Amino acid sequence: MISELKASIGSDILMGLAQAAGAVLLCAVVVALCRWQAIRVEREAAVSMARGLVQMVLVGMVLAVLLHGSLMVGALILLLMMVAAAFTAARRIRGMEGALLLCFWAIAAGAGTVIAAMLATGSLQVDIAVLVPVGSMIIANAMNSCAQAIERFRAEILSHVGQIEAGLSLGAEPAVTVAPYLESAVYASLLPRLDMMKSLGLVWIPGVMAGMMVSGASPLYAAIYQFVVVAMILAASGITSLVVTILMRSRVFTTGAQLALRPTDASASAAAAAKAPTAA
Amino acid sequence: MTKTTTSNDLAQITTPADFIPTPKAAPVVLETRHLSRSVGQRLLVQDVSMAVSAGEIVAVIGPSGAGKSSFLRLLNRLDEPTSGTVLLGSEDYRSIVPRELRRRVGMVMQTAFLFPGMISENIAFGPRQRGAAMTPAQIASLLERVGLSGFADRAVNNLSGGEAQRVALARTLANDPQVLLLDEPTSALDQSSVQGVEELLLDIVRERRVACVIVTHNREQARRLSNRTMVMEAGRMIRIGATREILHDL
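Sequence order for the protein chains is A and B. By the working numbering, the letter at position 32 of the first sequence is numbered 32, and the numbering carries on one by one without gaps. By the working numbering, the letter at position 127 of the second sequence is numbered 127, and the numbering carries on one by one without gaps.
Rather than coming from a laboratory, the hints here were simulated on the basis of the structure. Watch out, some of these pointers could steer you wrong.
To be verified - Under 10 Å between C-beta atoms, here's a sample of chain A residues computed to sit facing chain B:
#, residue
1, M137
2, A155
3, E156
4, G167
5, A172
Stated by the list, open to error - If you want the footprint, here are the derived chain A segments under chain B, 3+ residues with CB under 8 Å:
#, region
6, 26–40
7, 158–165
Source: prediction; values computed, not measured. Beta carbons: idealized from backbone N, C-alpha and C, even for Gly.
Work out the full structure: start from the sequences and follow the hints.
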């Protein structure tokens, strides 16, 4: 019976599972090293690895079924990925009303615009086997930028409440008072993507390029195409960070131009602000 | 003759009896009407009605957590009242665009919170927000007024606490406010700087005839600076009246 099961699975999958076991073993060693230094990450590492493996196996199974599906199916998968990405990013701004929608619009604007542009220019094939993996890379990076921008913008505001209120007290518009913090949040969120671009080919040769070469594409074309993908990732991240910080900026002030996000009573103020009468 | 009033005696409040440097007919510039603010279940300010006239300094004193700073923040609408309102002249301040309201009701905080850059840029910040440019001569004149001649082109980094607070005051005055709100402006300063800033405040209020509300934890400072004193406790105004009478009774 075991031999029948083995025959039905295929040798490449068995090899993949063996490689996954090896990777898990190596991570377990790292977790043990952390524990030796009194850094307790075992639970989170176990949950993350289990989730990651299950999610990837499920995605693999879904893709295997949908490999020859239509563009609409691919678009639906990408839309679901954007929703999942918005849920993940929105966790960074718990307590802010409409955070999920805010993240969704930002990720959809960034990743959606770039994927549409790539499809329109022929940089991305209308083939679910290409569209979903490349689209997911763009969405994942947009999600990371979104979360990093939100976190940085929030932290900058919370640590500059005095400066912001000094500006408001001098008659500045809310947008003016947080402009330096918005700028630094967008910049900080793009730094990993800029570093990724700088190190392209020197420090790492990304998976898309490797995959294209394995499947017989010319190395030069694969290299140029990889640059296109990384550039699109940067573009999607930039749009996402800009949109999310601009949308968030309008939420951290009330209609009366009062700063609602404050260290002590952030959530209470936001709630009070929601009830505040409309300003002139 | 001076008279001490309570929160229920609004008629007495709006025409301060003991107002030495200002004529009794000085117009009321800022008036609060049943001003309250609560956050969740916490009542920060409860039903405060008072008024400040041109050229007058009202000190707000009380124990920590009494709601003094919360009250002050309501006056330029940095926080939103949950009930009641503030009149600026005869205008309900909710009908004034926040940017214009805060130009007219300037605030100096406990910490100067200067913006990175040159002192001249800090001074010109307020007018620039409404598209008005200050000339170098105007900036120099304002700095001279606060005792900082020749400081225009200096960076804000290396100022002492007293100098930074003077720049913050000059920055607020550049907007030519009708009302000056001061939230413990000298609490972070050494004694020599305190005296200088206090003298400057008195001179400016006299010269410009601004209505001034100062929050202080220091009764002696209230005695030195203010015409009237308002005592707060648990968010309520429990007394208001001539400073020497209020402080004598406490």
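message: A closest beta-carbon separation below 10 Å is what the hint needs, so does A172/A meet it against chain B?
response: With a minimum Cβ separation of about 5 Å from chain B (threshold 10 Å), the hint on A172/A holds.
query: Measuring from the C-beta of M137/A to each C-beta in chain B, is the shortest one below 10 Å?
result: violated, 38 Å
Satisfaction of the G167/A interface hint, Cβ to chain B closer than 10 Å: holds, 7 Å
field: Verdict on chain B covering the region 26–40 of chain A, criterion of 3 CB contacts below 8 Å
entry: Not satisfied, violated; 0 residues make the cut.
message: Cut-off 8 Å, C-beta pairs, minimum 3 residues; does the coverage of the region 158–165 of chain A by chain B stand?
response: Since 3 is at least three, the answer is holds.
- prompt: Does A155/A pass the interface hint, meaning its C-beta sits closer than 10 Å to a C-beta of chain B?
  reply: violated, 18 Å
field: Residue hint E156/A, partner chain B, criterion CB-CB below 10 Å
entry: Violated: closest Cβ of chain B sits about 13 Å from E156/A, beyond 10 Å.
In terms of the numbered hints stated before, the structure departs from hints 1, 2, 3, 6, listed from lowest to highest.
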